[in-house]
Amino acid sequence: MTPENHRDKARRIEQSLTKLGDADWEIRIEAAMLAGTHWVNFILHRTGLSTPAEDMVHASMTLVSVLRKYRLAEPELIDQLEEIEELRPLFVRGDMDGGVPAAQRALDLLAAMGARARQLG
Amino acid sequence: MKIASHADKIRRLLQLRERLDPLQDFELWYWSSLTAGTNIWNASLHACGLTSEDRAFSTIPGVHVVPQADGGWRRELRGPGDVSHVGWPQIPGDMPAPIQRLEAALHALEEHRDPCLRADRVPTPAIVAECERALSQAIAVYQALVPMEQQP
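One line per chain: the protein sequences are Y and A, in this order.
Each residue of the first sequence is one higher than the last, beginning at 2 in the working numbering.
Each residue of the second sequence is one higher than the last, beginning at 3 in the working numbering.
Everything labelled a hint here was simulated from the structure, so no lab data went into it.
Cβ atoms here follow ideal geometry from the backbone N, Cα and C, with glycine treated the same way.
Warning: the hint list may mix true and false statements.
Okay, the calculated beta carbon distance ranges per label pair [claimed, not checked]:
id, chain 1, residue 1, chain 2, residue 2, range
1, A, E113, Y, P53, 18 to 24 Å
2, A, Q153, Y, E83, 31 to 37 Å
3, A, R115, Y, D80, 22 to 28 Å
4, A, E78, Y, Q16, 47 to 53 Å
5, Y, L73, A, D23, 37 to 43 Å
Hey, can you work out the whole structure from these sequences and the hints?
Following this line, the structure appears as structure tokens:
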């Protein structure tokens, strides 16, 4: 996808997030994963680290050597996406206590990723 | 994961869908549907005795996150239990007809995941209708297979 399409998808998801509440922790976390991944691709495409034909789907599914390259350029960004992904088995697919604060953490991470992306336009 | 926990998620996810506009909020409307569908799949397989109801949370096929007595968790290699998506992995054994119908409905729902969420396909009323139809079929199987007392 082009950087512009990633940006548009991320913004749409962020807009829809305003309709969710504390009881929707699963989809808050999933939205952070979805929008956050779009922001990662936007940033990697804009900075020339990857092309529109090389979209990342999940950090956890990315080739180790490729993820290492992305981390060299954007270490905080990759850490933020990985932290969101780690919440998914526990609170989206699992029933661990603490879903509400976990979702808030995911949204904070997404906000930081969005802020980095908006520096690039 | 226990059927009761799947049922709690299904109930809340279906309520969330009602608060989202299927086109304006397509991404999260769809993802709520997809997540409800996967919980329906897992709960229905547990109810039929085809997969374990153990409190082990899905990641990639064969690897589960398992809560520990000290409040922590660890990854473990495990056999058939919860899955993260229908067909990932395939469940071994003979599938009863309702489970086969459920599987087909969820695959129909999954078809729109990457094109609409991770590519450039623009959601349309027709796509929304297909998703609605697929999830309705899935809910009907779930309600037939999972006892009411386990659907809070």
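Comparing the hints with the structure gives:
no., hint, in the structure
1, A:E113 / Y:P53: 18 to 24 Å, "holds, 23 Å"
2, A:Q153 / Y:E83: 31 to 37 Å, "holds, 35 Å"
3, A:R115 / Y:D80: 22 to 28 Å, "holds, 26 Å"
4, A:E78 / Y:Q16: 47 to 53 Å, "violated, 39 Å"
5, Y:L73 / A:D23: 37 to 43 Å, "holds, 41 Å"
Checked against the numbered hints above, the structure breaks only hint 4 and satisfies the rest.
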